[in-house]
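Asker: Put together the whole structure using the sequences plus the hints.
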Amino acid sequence: MTEVPSASGLKVIVSSVASDAHTWNLVFLQLLLEELGHRVANLGACVPDELLVEECRRQRPDLVVISSVNGHGANDGRRVIRELRGHPETAAIPVVIGGKLGIDGADSTDQARLLEAGFDAVFEEGASLASFGSFLRSIPAGVTT
Numbered sequence: 001m002t003e004v005p006s007a008s009g010l011k012v013i014v015s016s017v018a019s020d021a022h023t024w025n026l027v028f029l030q031l032l033l034e035e036l037g038h039r040v041a042n043l044g045a046c047v048p049d050e051l052l053v054e055e056c057r058r059q060r061p062d063l064v065v066i067s068s069v070n071g072h073g074a075n076d077g078r079r080v081i082r083e084l085r086g087h088p089e090t091a092a093i094p095v096v097i098g099g100k101l102g103i104d105g106a107d108s109t110d111q112a113r114l115l116e117a118g119f120d121a122v123f124e125e126g127a128s129l130a131s132f133g134s135f136l137r138s139i140p141a142g143v144t145t
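Per UniProt numbering, the very first residue in the sequence shown carries number 1; after that it's consecutive.
It is worth saying that the hints were derived from the structure and are not from the lab.
Computed from a predicted model, the values in this text were never measured in an experiment.
Hints may contain errors.
Straight-line alpha carbon distances no greater than 20 Å define the calculated SDA-like cross-link-like pairs of lysine to any residue that follow [to be verified]: (1) K11 with L32; (2) K11 with V53; (3) K11 with E34; (4) K11 with R60; (5) K11 with A91; (6) K11 with V27.
Answerer: Rendered as structure tokens:
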């Protein structure tokens with residue numbers, strides 16, 4: 001886990017879902033977020049749901065970004081968001097998910113189900129960085145601390 005201190009920006013936890021062993025996407029997100037002035041704790045690949053909840057309780061982030069490239073993000077994402085929303089300390093933290101969320105590519109049904117399950121935003125594979133940036137600017141820093 002890597003955390004880069006900064007006096008400004010959002011405090012962001014970057015993570016994968018438990019079944020996803022890919023790391024390049026997490027490194028990319030970390031570097032992108034840091035370039036935009038945010039403080040990032042990268043939990044790495046194959047993060048168990050319980051560990052993500054524990055780290056959110058401990059770190060009190062302004063935002064959680066979950067990335068998946070293995071095509072199982074939609075299924076794993078619904079499970080992990082239930083865990084996060086099921087605890088009072090983590091229920092209000094903004095959480096987004098993105099990447100290759102299904103094995104058949106972008107699917108508006110998966111997006112709708114993920115939003116319905118409790119994600120604040122869903123960024124399917126191929127979504128623009130501008131839309132992610134717009135979402136980031138909508139999150140106030142320091143709300144959960």
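Asker: All the hints need checking, so say for each whether the structure fits it.
Answerer: Consistency of the hints with the structure:
1. Straight-line distance between C-alpha atoms of K11 and L32 comes to about 14 Å, which keeps the hinted pair within the 20 Å bound.
2. For the hint linking K11 to V53, the alpha-carbon distance of about 15 Å falls within 20 Å, and the restraint holds.
3. As the CA atoms of K11 and E34 are separated by approximately 10 Å, the hinted pair is consistent with the 20 Å bound.
4. Between K11 and R60, the direct Cα distance comes to roughly 8 Å. Compliance with the 20 Å bound is thereby established for this hinted pair.
5. Taken as a hint, the K11 and A91 pair is honoured in the structure, with Cα atoms around 16 Å apart against an allowance of 20 Å.
6. Taking the CA atoms of K11 and V27, the gap is about 16 Å. The hint holds against a cut of 20 Å.
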